[in-house]
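*Asks:* Chains as they are written, first to last, in my numbering: chain X, 1 to 78; chain H, 79 to 156; chain Z, 157 to 298; chain U, 299 to 440.
To be clear, the hints were calculated from the coordinates, so they are not data collected in a lab. Built from N, CA and C at the ideal position, the CB exists for glycine as well. Errors might be hidden in some of the hints.
One side only, chain H facing chain U, incomplete, derived with CB under 8 Å [what the hints assert, rightly or not]:
{"id": "1", "residue": "Gly86"}
{"id": "2", "residue": "Lys104"}
{"id": "3", "residue": "Phe153"}
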Amino acid sequence: MIQVKYFGMIAEATSKEEEKIDVGEKPFSEILSEISSKYQLGDLSYQVAVNKKLVSDFSKLQLEEGDEVAFLPPFSGG
Amino acid sequence: MIQVKYFGMIAEATSKEEEKIDVGEKPFSEILSEISSKYQLGDLSYQVAVNKKLVSDFSKLQLEEGDEVAFLPPFSGG
Amino acid sequence: MKKIFLEGAIPSEFIADSIAKHQSKHSIGAHNIFLGQVRADEVDGKKVSAIEFTAYEEMALEKAHEIREAAFEKFDLTCLHIYHSLGNVAVGGVCIFVFVSAPRRKQVYEATEWLVNQVKTEVPIFGKEIFENEESQWKVNS
Amino acid sequence: MKKIFLEGAIPSEFIADSIAKHQSKHSIGAHNIFLGQVRADEVDGKKVSAIEFTAYEEMALEKAHEIREAAFEKFDLTCLHIYHSLGNVAVGGVCIFVFVSAPRRKQVYEATEWLVNQVKTEVPIFGKEIFENEESQWKVNS
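Bound-form chain X, shown alone (with noise of 0.2 Å):
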C-alpha cells in the first residue's frame, strides 16, 4: 500500500485529500496513469512528489511499500 496526497485543484478533482492504494508490482507511470484517468486530471497541470521529492524521471522510479505520492498542481504561495 501506498499513501497518496492530492492538493489544490488536483483535490478539488479528486474530491478527496489523500487515499491508500495497493499498487503490487505495478510500474509507477502504471499508477500514475490509472490516478489520471480515474479522476480525469488530464487537463490539469501537476508535478509529482514521491517521498516529498519532486520526480521528474518516472521511468526509473519503483514505489515501495509505504511511500507517500503526491500530486502537486502550480505553487501560489506569497
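Given chain X's structure and the hints, the job is docking chains H, Z and U onto it.
*Replies:* Okay, now just chains H, Z and U, sitting in the frame of chain X:
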C-alpha cells in the same frame, strides 16, 4: 547680517553651532575663507549650503541680508 | 526543521516581536523585510475578498530548510526567517513575511528578493482567491 | 513637509504601527522595509556603544521631500516612508527605517535600496560613534 550654522565635526572645531556675521559687500568666497582661517577648518572636509541648498560655484553667489549659510561635514546618516 | 506556517494573517505584532528579538544581536547592521499583502484584485468585475492557503506542509518545511541553507551559502547573512500563512487571509492581511539580517546592507535587498522568489516557486503552497460573491479561483503566481 | 526624525531609537512598536496602518490600503500587494541597526563595531580595540545623531533638520526635511518625489517618479510605488533617529541610539537600536509599498513586488527591493542610499548620501545627518570608554569618532559612511 547672515546666519552661519556649523554641524558635526565642524561644530566641534568652531565650538559653536551658529553665529551671526556682518558681511557687508564682501564676496562670498572671501567670507568663507575668513571663517575657515578663523576656526582652522583647512584640514577638514565640508560642503557649504546657502539657504539649505548645496553650493558648488561660490564665485557667482552674492549673499543677502538674512541668508543662512551652513558648514556641513560629510553626511553619515543611516 | 524550523516552523514556517502561521494560521491566518501574520499580525504586525508578530513582525514587531521578530524585529525586537534581533536587537540583542550586535553584529547586525541591516535588516530587510518583505511582506506580501492580500490585494483586492478585480477579475471580470468580481473582487477578491480573501485568499485561502493550503500546503503540503511536511514537504514545504523541507523545502524551506533547503532554501535557508542555500541562502546562507549564497549571501553573507547573520540570520533569516520565512513565515507563511495557512488558511484564510482577508484583503489587507499579510500572508508572507521574509526577514533577512546581515552585518552590512549591501546584500540584504537581493537576498530578500531571492528568498521571496524561491518561496513562491519552490515551496508547495496553494492559494485560492475567494471573491466577494463567494466564487473562487486558484491563484496563479506571476 | 513630512516629518522624518524621531528622538532616539525607532521602537519596533512604531514599525508595527506603520505596517498595520497600511492594511486598509487594498491596492498594496508588497511591502519592503529596511532597518539600519547600530552595530557594536570594534575600532583599535575600542567597542562602539552608541551613535549620537545630529542633523541640519530643515535642510534634511527638504532633501527627504525631494528624494520622495524622485522615488515616485522612478518606481511604481503606492507609498513610502522614511524615518531617522536623532540623538543617542545604543547598539542594537534601529536608527533608520525605510518603508516602501507597491501593488506588486517587482520594484520594491530596488526602490528600498535606492532610498536608503539616497538618505545616506544626500541628507545632512551626522553620526558620531561613541565608544564604551567614552571616546568618540565621527562616523564615515561607506
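*Asks:* In ascending order, which of the hints set out earlier in this document are inconsistent with the structure?
*Replies:* 2
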